[in-house]
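There are 2 protein chains.
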Amino acid sequence: MLNQVPFVSVHNMMRLVNGLGVERVLTDLAGYVEEDFRRWQAFDKTPRVAAHSADGVIELMPTSDGISYGFKYVNGHPKNLREGLQTVTAFGVLAEVATGYPRLISEMTILTALRTAAASAVAARALAPAGVRTMAVIGNGAQCEFQALAFKAILGVDRLRLYDVDPVATRKATRNLARYGFEIVEAASVAEAVEGAGIVTTVTADKRNATVLHDNLVGPGVHINAVGGDCPGKTELSADILRRADIVVEYAPQTRIEGEIQQLAPDHPVTELWEVLTGAKPGRTGRDRVTVFDSVGFAIEDFSALRYVHDRVSEHAGFVEQLDMIADPDEPRDLLGMLHRAETTGQVAA
Amino acid sequence: MLNQVPFVSVHNMMRLVNGLGVERVLTDLAGYVEEDFRRWQAFDKTPRVAAHSADGVIELMPTSDGISYGFKYVNGHPKNLREGLQTVTAFGVLAEVATGYPRLISEMTILTALRTAAASAVAARALAPAGVRTMAVIGNGAQCEFQALAFKAILGVDRLRLYDVDPVATRKATRNLARYGFEIVEAASVAEAVEGAGIVTTVTADKRNATVLHDNLVGPGVHINAVGGDCPGKTELSADILRRADIVVEYAPQTRIEGEIQQLAPDHPVTELWEVLTGAKPGRTGRDRVTVFDSVGFAIEDFSALRYVHDRVSEHAGFVEQLDMIADPDEPRDLLGMLHRAETTGQVAA
Numbered sequence: 001m002l003n004q005v006p007f008v009s010v011h012n013m014m015r016l017v018n019g020l021g022v023e024r025v026l027t028d029l030a031g032y033v034e035e036d037f038r039r040w041q042a043f044d045k046t047p048r049v050a051a052h053s054a055d056g057v058i059e060l061m062p063t064s065d066g067i068s069y070g071f072k073y074v075n076g077h078p079k080n081l082r083e084g085l086q087t088v089t090a091f092g093v094l095a096e097v098a099t100g101y102p103r104l105i106s107e108m109t110i111l112t113a114l115r116t117a118a119a120s121a122v123a124a125r126a127l128a129p130a131g132v133r134t135m136a137v138i139g140n141g142a143q144c145e146f147q148a149l150a151f152k153a154i155l156g157v158d159r160l161r162l163y164d165v166d167p168v169a170t171r172k173a174t175r176n177l178a179r180y181g182f183e184i185v186e187a188a189s190v191a192e193a194v195e196g197a198g199i200v201t202t203v204t205a206d207k208r209n210a211t212v213l214h215d216n217l218v219g220p221g222v223h224i225n226a227v228g229g230d231c232p233g234k235t236e237l238s239a240d241i242l243r244r245a246d247i248v249v250e251y252a253p254q255t256r257i258e259g260e261i262q263q264l265a266p267d268h269p270v271t272e273l274w275e276v277l278t279g280a281k282p283g284r285t286g287r288d289r290v291t292v293f294d295s296v297g298f299a300i301e302d303f304s305a306l307r308y309v310h311d312r313v314s315e316h317a318g319f320v321e322q323l324d325m326i327a328d329p330d331e332p333r334d335l336l337g338m339l340h341r342a343e344t345t346g347q348v349a350a
Numbered sequence: 001m002l003n004q005v006p007f008v009s010v011h012n013m014m015r016l017v018n019g020l021g022v023e024r025v026l027t028d029l030a031g032y033v034e035e036d037f038r039r040w041q042a043f044d045k046t047p048r049v050a051a052h053s054a055d056g057v058i059e060l061m062p063t064s065d066g067i068s069y070g071f072k073y074v075n076g077h078p079k080n081l082r083e084g085l086q087t088v089t090a091f092g093v094l095a096e097v098a099t100g101y102p103r104l105i106s107e108m109t110i111l112t113a114l115r116t117a118a119a120s121a122v123a124a125r126a127l128a129p130a131g132v133r134t135m136a137v138i139g140n141g142a143q144c145e146f147q148a149l150a151f152k153a154i155l156g157v158d159r160l161r162l163y164d165v166d167p168v169a170t171r172k173a174t175r176n177l178a179r180y181g182f183e184i185v186e187a188a189s190v191a192e193a194v195e196g197a198g199i200v201t202t203v204t205a206d207k208r209n210a211t212v213l214h215d216n217l218v219g220p221g222v223h224i225n226a227v228g229g230d231c232p233g234k235t236e237l238s239a240d241i242l243r244r245a246d247i248v249v250e251y252a253p254q255t256r257i258e259g260e261i262q263q264l265a266p267d268h269p270v271t272e273l274w275e276v277l278t279g280a281k282p283g284r285t286g287r288d289r290v291t292v293f294d295s296v297g298f299a300i301e302d303f304s305a306l307r308y309v310h311d312r313v314s315e316h317a318g319f320v321e322q323l324d325m326i327a328d329p330d331e332p333r334d335l336l337g338m339l340h341r342a343e344t345t346g347q348v349a350a
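Listed in order, the protein sequences are those of chains S and H. Residue 1 is where the first sequence starts when you use the numbering used here, and the numbers rise one by one after that. Residue 1 is where the second sequence starts when you use the numbering used here, and the numbers rise one by one after that.
Just chain S, same shape as in the assembly:
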């Protein structure tokens, strides 16, 4: 049925993820993300198209590997939280380049949370010191637990040190993570949280240029997974940390505008993740170096996620609804004729 487009609803995404298990999904997604970053040259890297307003932003993030085309619709409205609405909602479409026909529409609010964590773990696997088991997570909002689970599934991290300015958020994270076998410390400060942690994940929702992590708290060899700073005017790390670190980014032209490195000179050297993953360049240049993955979220990660969901729902029937979205006249030039012929059917169905 070429005129039907499979749709993965929020309900079915939850069934799919719960059915496979969150850790399994994160591991699989990491594989898809790494595979796509390794074939970086195959992708169209269009900048995201943003419509800014006083209250937030609506963005379209398209990319293509020449076989499939994907885009994500995503908004960011911090004030939504006060009205009981989601700050970020998202959906995405995967289409066939050869015909231009959409092949999948999917909710992406949950999927974005999963792919963000998977991408962080892919970068950490290439950058963090081997054998790290302890991670600090500064900021215990919606993304916190997904980061923890991805790092457990992919790197074997099983000791967490959590901190948030709001202790309610930390307790929520601890409660949600209870079943996964972590050893969890709820820290009273950032300084306490980072004690003995080989990986520090910063994922706060602070919308300003804040210094969540000060330079004096970061010891030699630590890997920083900086996830929360992701738009102009929103950063989390002290610039001093960045100046002495090996910095890895998704796509430099975008990260220089949106990432932690907006604090640095526009020509400050950074390495792109695909270069590290393909071995073209080293990520970590020494055992005692500090590494930073300055993550802002990139269209290829969404493409990988849509590709993953498309593969899974093709294997497991029953996770999609078919949307009647593509007009399909018997003769392509006869669109009005199709409307006329639908008069009877329309009345019957109405």
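Hints are computed from structural coordinates only; laboratory data are not their basis. A couple of the hints might just be wrong.
One copy or two, it doesn't matter: identical chains are merged, so the pair holds either way.
[Stated by the list, open to error] Using 35 Å as the maximum straight-line C-alpha spacing, the simulated DSBU-like pairs for lysine-lysine come out as follows:
1) Lys45 - Lys79
2) Lys234 - Lys45
3) Lys45 - Lys281
Fit chain H to the known structure of chain S by using the hints.
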């Protein structure tokens, strides 16, 4: 239900259009298009974002008036026709700028055909000599009948002179239009078709720089509605016609790349449709002048069309399906908790 997004399927779009009547829909759409062009300054005019491949193009066309945000996904794959697929398929989304939440998803293959014809009629109402009743239509593909019906409903055109290189297409158009009370001549050549016609619509599918309409066939006072030339390397009019005409376009930066005027110098004077509609500039500068509406299709027309459908389906319940597309955790920071709570529900529903 804020997490549900109303979806207008192809089936429901046909029910809606047949229920209201095609001519009524075209008239209403023309009103929405004119209203939006008159408040031109209110809109974000982002260029369309195109992904080109050997076989075609996939485009995203976003715009916003500060209250609503809309975008259309549309492909163009000429070779699809040979495989029994649509050359152009489209769908669109209307969202609320204040929250970023999608408010409507709609099929747009049919809707694009309607809005293109409505926009042509809006331009012709402002440009064609008063009282014209005869229109030639060169190219009798899918768009032909919609053009005819829009010009009948909005300008009172009731005599048609049809020509296509493929007589099968012309017969199809005549058959489809039989019920609407036109006097129709099937012409054997372009020259025969344009005889006595005050409006000439060119809407061929020729993908090259073709000269469908030669200069010597265009008499004084004629309005040319040039719809078929709409991408780089695809034009229909002799450049000589353009050089002596008053040219009106939707959005000059886009039309200079995609429209008939790609044949002219980049600084050749043109007027934008909104300037004519608001009275800021004249469109037709004299009774004996030739006017050309060089139409390529613009994001605001799609926005008007989505706005129209949104208003109609709000009035007439039963034309939408609700899509469960926006994740809605009880506590926005508790996305993993939402997944956990869905484990039971998921199994029950599965």
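Results for each hint:
1. Lys45 - Lys79: both (30 Å within a copy, 26 Å between copies)
2. Lys234 - Lys45: The answer is both: 23 Å in one copy and 27 Å across copies each meet 35 Å.
3. Lys45 - Lys281: within (20 Å within a copy, 40 Å between copies)
In summary, this structure violates none of the numbered hints.
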